[in-house]
Amino acid sequence: MSFLQPVLLLGLPLALLPVIIHLINRHRHRTVQWAAMMFLLDARKMNKGLAKLRQILILTMRVAAVAMLVLAASRPLSGGWLALTGGKADTIILLLDRSASMEEQTLETGESKRSTTLTKLTDLIENTATGSEIVLIDSATLTPTVISKAAALSDLPQTAPTDTAADIPALLQAAADFLITNESGRTDIWLASDQRQPDWQPASGQWQSIRADLTSSESVRLFLLNFPEIQPDNLSISATNVKRQRSSEGLQLVMDLSIRRGDRSEKLEDLTVPVEFTINGTRTVQDMTITGSELIRLGHVIPLGKNDGRGWGRLDLPADDNPLDNTAYFVFDEPATRKTVILSDDSATAEAISSAANAPIDHAVYETVTLSTDLAAQIPWEETALLFWHAQIPQPDSAEGALLKQHVASGRTLVFLPPPIIFPQTEAKTPQLFGFQWKEWTEANRDSLDINWWRTDSGLLSNTQNGNPLPLDQLKLFKSCLFTTEGQDLLKLKSEEPVITRILTDQLPSSAGALYAWGTLPRTDHSTLATDGVAFFVMTHRALDAGTNAVSKAKHRETGPEALPSRTAGVSTLSTTSATSFLSPSLRSGAYEISTNPETSYLIALNRPVSEDILSTVSPQAIDSLLEGVEFRQINDKLGNGDSLASEVWRIFLTLMALALIVEAALCIPPRTEVQKPSIRLSSPNSVK
Amino acid sequence: MPEPVQRDFLDPAVLGRLMGLPLNSRHPMVGSVSGRHRSPIKGSALEFAQYRKYVPGDDTRRLDWRAWGRTDRYYIKEFEADTNLRLCFIVDTSGSMAFGEEGQTRLDYAKKIAGTLSYIAAQQGDAVGLYSSADGIEHEIPAKRGPRHLGIIFDQLARLEGKGESSLVQAIHHAAEKISQRAMVIIISDLLFQPEPLKEALQHLRFRKHDVGIFHLLDRQEVDFDFDRPTRFVDLEGGPSMLVDPSLIEQRYREAVGNYFSQIDDIMNHSVIDYHRTLLDEPYDQVLARFLIGRNPKTARSGK
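Chains H and Y are the protein sequences, given in the same order. Per our numbering, the very first residue in the first sequence carries number 1; after that it's consecutive. Per our numbering, the very first residue in the second sequence carries number 1; after that it's consecutive.
Hints were generated in silico from the structure; no laboratory data involved. Computed from a prediction, not measured in an experiment: that's the story for all the values here. Hints are supplied without guarantee of correctness; some may be wrong.
As the list claims (entries may be wrong) - Ranges between beta-carbon positions, derived for each pair:
1) Y:Gly103 x H:Val663: 30 to 38 Å
2) H:Pro670 x Y:Lys144: 54 to 62 Å
3) Y:Arg7 x H:Arg30: 29 to 37 Å
4) H:Pro670 x Y:Asn269: 29 to 37 Å
5) H:Lys45 x Y:Pro197: 14 to 22 Å
Stated by the list, open to error - Lysine-lysine pairs mimicking DSSO-like chemistry, simulated, CA-CA at most 30 Å apart:
6) H:Lys267 x H:Lys306
7) Y:Lys199 x H:Lys45
8) Y:Lys178 x Y:Lys53
9) Y:Lys178 x Y:Lys144
10) H:Lys45 x Y:Lys209
11) Y:Lys209 x Y:Lys144
As the list claims (entries may be wrong) - Covered stretches of chain Y (chain H as the covering partner; in silico rule of three or more C-beta atoms under 8 Å from a C-beta of chain H):
12) 188-195
13) 232-238
14) 253-265
Backbone N, C-alpha and C fix where the C-beta goes; we use that ideal spot for every residue, glycine too.
I would like the entire structure built from these sequences, with the hints used as guidance.
Pasting the structure below:
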């Protein structure tokens with residue numbers, strides 16, 4: 001707790017005045033020669049207990065009243081609750097969620113969750129922690145920035161709104177890393193977020209190390225400033241799977257369109273919304289009716305003009321409680337050839353993959369190239385969207401290794417298939433390419449290779465758009481190759497060994513393409529992947545789709561620090577809603593044209609991550625368990641709540657003083673059953689006989 | 001020559017007023033000479049007592065011939081015998097009796113009561129004795145008649161000083177044993193000790209057929225306990241002193257006094273004691289007048 005008039009705290013010893021007066025009063029006693037000591041002794045015996053306690057309470061109340069008066073005069077400040085701030089910290093780390101969902105605002109004040117956070121934290125720091133080192137870590141960059149003045153917080157580019165998602169575990173980890181690196185002493189960490197479940201990622205393995213790091217520092221306190229409220233009138237729009245197609249009627253755009261309502265209650269009236277479509281600057285408005293909480297239009301068609309073979313577009317909703325989720329951008333161009341390269345010496349495998357990859361699902365051009373392993377140098381890296389690597393894994397520092405890294409880093413897809421012979425690793429400590437290594441082939445004996453589980457919510461094996469799972473329960477494996485890697489398992493055996501995994505490695509940037517390991521082959525003696533071809537076909541085309549975006553001249557990406565090339569020289573903005581020009585374009589949704597050289601220019605549409613439209617929040621109980629063992633306090637705030645985190649609380653002290661005086665007065669009231677003075681009957685009846 | 005002592009506890013005006021009120025005993029007394037008190041021994045005074053059957057050896061002069069003439073039987077006519085009484089004072093001279101301002105202490109009050117009653121008794125021809133107690137029996141003067149003996153009593157009263165712990169109970173037992181014949185025993189004390197032992201001592205006196213009266217002397221301050229600021233109470237009987245905030249224990253003190261009074265009342269009623277609770281701010285002549293009037297059979301019966 002801090003005080004606006006701390007000098008007055010010097011008067012705090014005055015609180016002892018009642019005790020001193022009491023002691024003086026006791027010493028100013030008079031002395032009386034007394035005969036009836038027996039009554040005094042009896043009275044004292046009877047008096048032990050309540051009366052003494054009452055006397056102590058009276059004295060305590062008097063002391064408390066004076067202390068409260070002095071404290072009130074010192075104009076104490078407190079954050080939210082008394083003792084919230086507890087004392088001045090050496091360092092204050094502000095962790096700011098800059099995700100698009102934090103831009104929800106009240107229409108009355110125009111204050112968003114993010115700006116409310118900044119205002120309150122600025123106020124808190126200026127009032128209670130002047131002199132503390134202020135460090136800002138924002139969710140978009142995860143870079144610690146030392147702030148000289150709290151008042152400047154709102155004007156910093158690092159606090160401006162973005163269209164990104166937030167990674168709360170990464171944010172906390174960044175704070176923990178900062179603490180460890182800088183040995184910050186007594187530190188208060190303020191984390192402001194809207195508690196969105198995708199941002200908090202309760203299933204993330206990072207929480208364990210965060211807990212360990214934060215609990216190891218005794219002088220760290222964590223404050224969670226939560227804005228869990230969701231504006232029910234808000235609408236969000238998104239457009240995915242945007243493809244340019246040529247039909248009999250000419251060029252057209254096909255996309256999956258989704259409009260979600262903030263109100264998730266069951267009985268909702270239909271809502272008609274005017275959606276503005278803009279194609280290359282030409283606007284049209286179409287009314288769309290939302291039934292229930294969400295409108296999903298799969299394969300929504302927009303006809304294109306003859307001259308609109310290449311360009312950009314956007315979908316806009318009318319202004320509402322969150323301006324950042326009212327727009328969805330897309331770009332389109334001549335569809336790229338969906339080229340698959342299979343590097344394999346096994347003709348059966350290559351043939352099965354080729355058949356699946358060449359089977360068209362739309363009007364795009366499909367092409368498959370099969371190369372034997374000794375012709376790896378002939379791989380057309382620039383045109384390849386999906387590469388099946390059915391060969392030994394090259395060394396990371398080899399030329400092939402570097403090319404594979406570049407292939408994935410550029411957004412293309414790579415699938416490792418197990419080679420027929422696995423060479424044992426000679427040196428265990430030798431770094432592997434992508435941290436991946438084949439172990440050994442295993443063959444089925446009874447149920448050993450039965451499928452146990454596959455990931456249905458995301459990835460190659462996720463459910464179809466209508467929610468049906470892929471028929472993987474019918475898949476049979478006869479041979480499987482085990483492997484070791486860090487990653488996200490997509491298909492597992494009953495022995496919990498993964499068969500299909502998405503490899504996650506820190507050797508690649510976050511914008512890299514997908515990298516998979518398939519532990520079996522589409523051969524009849526290995527599995528029924530090729531014979532029961534549905535799942536295999538879907539897997540292959542999903543992998544191809546993901547890679548095609550990288551070779552396409554019209555790419556769709558989610559906003560993020562590396563969403564656009566780091567050099568901004570060749571980036572030109574076609575359209576964006578963001579008013580903050582100093583903000584990195586990677587963090588703003590919009591349509592951009594990238595022309596690093598005159599021959600190779602392409603279009604990019606950046607949109608906020610889909611997870612930003614998911615409205616579920618983590619419960620306080622879930623946060624309790626995520627941060628178990630960490631000293632933290634949750635403060636739930638509301639949009640439009642003008643209460644300062646640090647407010648003058650002298651009224652509380654005056655109230656307490658009044659209470660103390662009332663209690664003291666009540667204690668001083670003589671009990672109702674006061675014993676009257678004993679009646680003196682002068683003579684007994686025996687005297688009159 | 002013993003040094004003359006001041007008898008300021010005797011007030012001629014009070015003596016003059018009270019002389020008109022005789023000191024009566026509530027029970028028959030056994031005296032050595034004729035007096036104004038009833039005796040258990042039947043004699044030939046003027047007051048008729050009873051008829052009794054004649055037995056050989058009786059004085060035939062006391063035969064009631066009229067009764068013989070009416071009933072043809074011999075009856076002896078008996079009359080009350082009047083005698084003097086022995087008035088014995090047991091005065092508590094413990095330290096607590098020194099309570100009060102100089103010249104107006106509880107003991108001074110006790111002396112006034114004892115002195116005045118002694119004088120009245122002596123004037124009636126009664127014998128007066130004095131027992132004083134503090135740390136045991138301090139002085140003991142057996143009851144005797146005569147002006148000279150009264151002078152000795154007065155001198156002893158004048159010399160009494162309040163000091164030491166109370167030993168009134170032992171003194172009562174001692175006096176009960178020492179006083180051989182029926183007597184009037186007047187105890188003057190503050191009775192500031194636990195009352196239980198007092199009951200036994202008083203019953204001892206009653207067992208010896210003594211007519212017992214008690215003047216229980218208390219100061220109003222001791223009863224009301226009206227103190228307004230912390231006070232150190234120093235025990236007059238030499239016990240440890242106590243520093244007390246009166247506001248804290250005022251109620252409990254009064255409760256304790258109330259309990260004590262009810263115990264004393266029980267004991268006095270049970271032992272049939274002529275008990276007078278006396279406040280020191282009350283004029284002692286009024287106290288004595290009430291005492292004497294209460295003992296007068298005529299006024300007591302008529303309720304005057």
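Going through the hints against the structure:
In this structure the supplied range 30 to 38 Å is violated for glycine 103 of chain Y paired with valine 663 of chain H, their Cβ-Cβ distance being about 50 Å. For the pair proline 670 of chain H and lysine 144 of chain Y, the supplied restraint of 54 to 62 Å holds, since their beta-carbon distance comes to about 57 Å. In this structure, arginine 7 of chain Y and arginine 30 of chain H meet the distance hint of 29 to 37 Å, their C-beta atoms being roughly 35 Å apart. Remark: the range hint 29 to 37 Å for proline 670 of chain H to asparagine 269 of chain Y is upheld by a beta-carbon distance near 33 Å.
A C-beta distance of roughly 20 Å is found between lysine 45 of chain H and proline 197 of chain Y, which places it inside the suggested range of 14 to 22 Å. Between lysine 267 of chain H and lysine 306 of chain H, the direct Cα distance comes to roughly 44 Å. Violation of the 30 Å bound is thereby established for this hinted pair. Annotation: proposed proximity of lysine 199 of chain Y to lysine 45 of chain H holds, straight-line Cα distance about 24 Å (limit 30 Å). This hinted pair does not check out: lysine 178 of chain Y and lysine 53 of chain Y have alpha carbons roughly 37 Å apart, beyond 30 Å.
The straight-line distance between the Cα atoms of lysine 178 of chain Y and lysine 144 of chain Y is roughly 14 Å, inside the 30 Å bound, and the hint therefore holds. Pair hint lysine 45 of chain H plus lysine 209 of chain Y does not hold up; C-alpha atoms about 40 Å apart against a cutoff of 30 Å. In summary, the hint linking lysine 209 of chain Y to lysine 144 of chain Y is supported, as the alpha carbons are separated by about 19 Å, within the 30 Å threshold. Here's how the stretch 188-195 of chain Y fares: 4 of its residues keep a CB closer than 8 Å to some CB of chain H, so the rule of at least three is met and the hint holds.
A count of 6 residues in the stretch 232-238 of chain Y with a Cβ less than 8 Å from any Cβ of chain H is obtained; the coverage claim is therefore met, three being the minimum. Coverage of the stretch 253-265 of chain Y by chain H holds in this model, with 10 residues showing a Cβ closer than 8 Å to a Cβ of that chain against a need of three.
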